[in-house]
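J.: Read off the chains here:
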Amino acid sequence: MNNIGRNYFDINYMDTLSAGDSPLHRLDPRAKLITTLLFIVTVVSFDKYTLSAFLPFFLYPAALITSGKIPARYIINKVLLVCPFAILIGIFNPIIDTQILFHIGNMEVSDGWVSFFSIIIKSLLTVSAALILISLTGFNAVCEALIKLGIPRPFVIQLLFFYRYLFVLTDEAQRMDRARALRSFNTSSMKLYTFSSFIGHLLLRTLDRAERIYLAMCSRGFNGHIHMTKTIKNTWKEFSFVAVWVSLFLLFRLYNIPVLLGDLVTGVVK
Amino acid sequence: MSHHIVEARDLHYTYSDGTIGLQGVTFRITHGESIALVGENGAGKSTLLMHTNGYLLASRGEMRIGDAPVTTHNLNIIRRTVGMVFQNSDDQLFMPTVFDDVAFGPMNLGLEKAEVEKRVREALTTVGASHLSKRPPYRLSQGEKRSVAIATVLAMSPDILVMDEPTSSLDPTSRLNLIKLLKTFRHTKIIATHDLDMAMDLCERTIVLHEGRVVADGPTAELFKDTTLLHRSNLEKPLRMQQCPVCGTVDKLNNTNHRSHP
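Residue numbers (this note's numbering), protein chains in the order written: chain W, 1 to 270; chain R, 1 to 262.
Possibly wrong hints are sitting among the right ones.
Okay, the calculated bits of chain W under chain R, using three or more residues with CB under 8 Å as the criterion [to be verified]:
(1) 14 to 23
(2) 131 to 140
(3) 205 to 216
Read the hints as simulated data drawn from the structure, not as lab findings. Just so you know, even glycine gets a beta-carbon here, dropped at the ideal spot from N, CA and C.
Start from the sequences and build out the full structure, keeping to the hints where you can.
T.: Given below as structure tokens:
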């Protein structure tokens, strides 16, 4: 749990990253939010047997990671954390859908395997885009952008609290598990009895803690509005950012670039 | 009308699970006074503090801030007047950067951006934490967190400062720095603490709570001489009023421990 806490749930590191300074960081949160949403919609809109057409889409996360100076390793780790869920969703496809689609040498590749990998690639692309958005913008600014785009405030505030709760929860869980581990000597796993009590206590403690945090917020005049110090602006930079990326997404969506390139190369060779 | 008065009139509070928090607390604190609130664990110190900014509302009796009782209707004014520094700084710091966190209160007051930035800068300078402004709060040390937590409250320019155990879990130097800092504040101060030496440094008056009641209220230096009173409240005399463990004397003149030994 301690390792989990440190390595995997270290989501708040994204807030540290979002405090960075690059042209991408300075971009209006709305521009980044809209682009990310359109990216996700485009990726998800492909049919379930798509593989090669996804290739150009990796350009988007790669470009943002590089120019935003985000440690790629961090994002990759976080994306891998989500991978098991995608695997769970797609794991039965190869078993159920056994029609052979194509051969690689002597190996038969079924529709099921293709759709399985398609799901995984979709999840890699969408999750990394979302994580990069937060790393470049900060969660609060993303929420502010949602409000500016007309999402009802109560929903956004819920989202914001959910995000804060997450840290509170992992924090408490980490400390409790450390205390448990130090007194349970050789047994590394938890007995069911201990586990149920652990979870119950965690809930109560978390509620308490959340209440104290809420009190601290109220003490400083919180009334349902989170204000941001980052100024929100709208310039040609924002428009061109959205326009360039969205037209690229459209291009990648309408034309299968790798196949076109392949045809071109084989055509030249012939 | 003065905002700086804190008055409790026969405060009673019982928690929903039946735990009795307060049973008849009465006191009046006037402009610029600095009060130490002492008592054993569970004596009702934190419960009492929660009443000063209306987080808890008395079951019976009333808490008055300035000239008005604390009710659900004037919470906004009350919370602007009373700045509360929590015992656990982690509860207080929740924004992505120190700057955002200190700006949280002033922003909620609806101040102009320039004014917010000015207040944040001033508050951070006052507590000596300007260099931390871009850091995320959860990466700071305990002492730094405490300073920033105090800055978050100062930025709201409250009239009354309420603090729960401000010196707990600080190293001796950070503790001394904090005491020096608090000495410079002109606010009305209510400080709940077990650190009686700090109480002697900062507070001319002390209120002793025991089982939800005020058992003593008077000049700090006098109350702390009363061994029976302190003993009953699970406290002991401030170190400087105890006999020197080496030579067995108490330096009466300076009221400090005898420090110079051959």
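J.: Now tell me if each hint is right for this structure.
T.: Evaluation of the provided hints:
no.: 1; hint: 14 to 23; result: holds (count 4)
no.: 2; hint: 131 to 140; result: holds (count 3)
no.: 3; hint: 205 to 216; result: holds (count 5)
The structure is consistent with each of the numbered hints, conforming to all of them.
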